[in-house]
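Participant: If you read the sequences in order, they're chains R and L. So the first sequence is numbered by this note's numbering: it starts at 1 and just counts up by one. So the second sequence is numbered by this note's numbering: it starts at 1001 and just counts up by one.
In case anyone wonders, no lab produced these hints; they're calculated from the structure. None of the values given here were measured: they were computed from a predicted structure. Treat the hints with caution; some may be incorrect.
Partner residues aside, some chain L positions facing chain R, computed with beta carbon under 10 Å [as the list claims (entries may be wrong)]:
id, residue
1, Gln-1006
2, Pro-1008
3, Gly-1028
4, Ala-1031
5, Leu-1045
6, Lys-1053
7, Cys-1068
8, Asn-1070
9, Ser-1071
10, Ser-1072
11, Leu-1088
12, Ala-1092
13, Ser-1094
14, Asn-1100
15, Arg-1110
No residue lacks a Cβ here, since even glycine has one placed at the ideal position from N, Cα and C.
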Amino acid sequence: KNEVEQSPQNLTAQEGEFITINCSYSVGISALHWLQQHPGGGIVSLFMLSSGKKKHGRLIATINIQEKHSSLHITASHPRDSAVYICAVRKETSGSRLTFGEGTQLTVNP
Amino acid sequence: DTEVTQTPKHLVMGMTNKKSLKCEQHMGHRAMYWYKQKAKKPPELMFVYSYEKLSINESVPSRFSPECPNSSLLNLHLHALQPEDSALYLCASSRLGLQNQPQHFGDGTRLSIL
């Protein structure tokens, strides 16, 4: 079983819909990252969380440390949000290493 | 635009060639990383440099040889690669000394081995 599990693996939405991507992990962590990867390959760091909630524009990320769960929400989704969203954790015992989930492929149709 | 610059963007090479991938950042980050990413898979860590010294080598074959000539540059020298080494190679950097710093990624070099 992977230490970081994401769901769903694939998600298709219509423009304007509210989107939620989930991440569960089974290890002690010092931080959780949400990353975005477009088809061209480059990865953008969206959020780094160790507790609570963060918001940037239409993106909201939450984390529940007790339940070992995080969610990424996208409000008013747009076709340009189409990308792979990756959850990654920094384990308490692993220094600077990140442990990645398998990613969620999001497609937003106009 | 990314603050971590990788060159070249694409590279096609034969199995007997020697080539190098280059990564550059000017954010003053003292940790730099090489990742390998196969299609539809998450990145896999290859190497980590901290203060220009190799701190992590994830049992990478010796045909991959990293080099960190200064705090802004990271190279990955390639020699005698195999077709299964075809992948996207990503560089990242982060600050050191403070806990939980985000990693900044480049756009990657897409490598094809003939």
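Participant: For every hint, state whether the structure bears it out.
Facilitator: Verification of the supplied hints:
1. Gln-1006: holds, 9 Å
2. Pro-1008: Hint violated; Pro-1008/L Cβ to chain R Cβ min 13 Å, cut 10 Å.
3. Gly-1028: Violated: closest Cβ of chain R sits about 16 Å from Gly-1028/L, beyond 10 Å.
4. Ala-1031: With a closest approach of 6 Å, the Ala-1031/L hint holds.
5. Leu-1045: Check passed: Cβ of Leu-1045/L comes within 6 Å of chain R, closer than 10 Å.
6. Lys-1053: At about 13 Å, which exceeds the 10 Å cut-off, the nearest Cβ of chain R leaves the hint on Lys-1053/L violated.
7. Cys-1068: violated, 15 Å
8. Asn-1070: Violated, about 20 Å.
9. Ser-1071: violated, 16 Å
10. Ser-1072: violated, 18 Å
11. Leu-1088: At about 5 Å, which falls below the 10 Å cut-off, the nearest Cβ of chain R leaves the hint on Leu-1088/L intact, so it holds.
12. Ala-1092: At about 8 Å, which falls below the 10 Å cut-off, the nearest Cβ of chain R leaves the hint on Ala-1092/L intact, so it holds.
13. Ser-1094: OK, holds: Ser-1094/L within 10 Å of chain R, min 7 Å.
14. Asn-1100: holds, 4 Å
15. Arg-1110: holds, 7 Å
Hint check: violations occur at hints 2, 3, 6, 7, 8, 9, 10; the rest are consistent with the structure.
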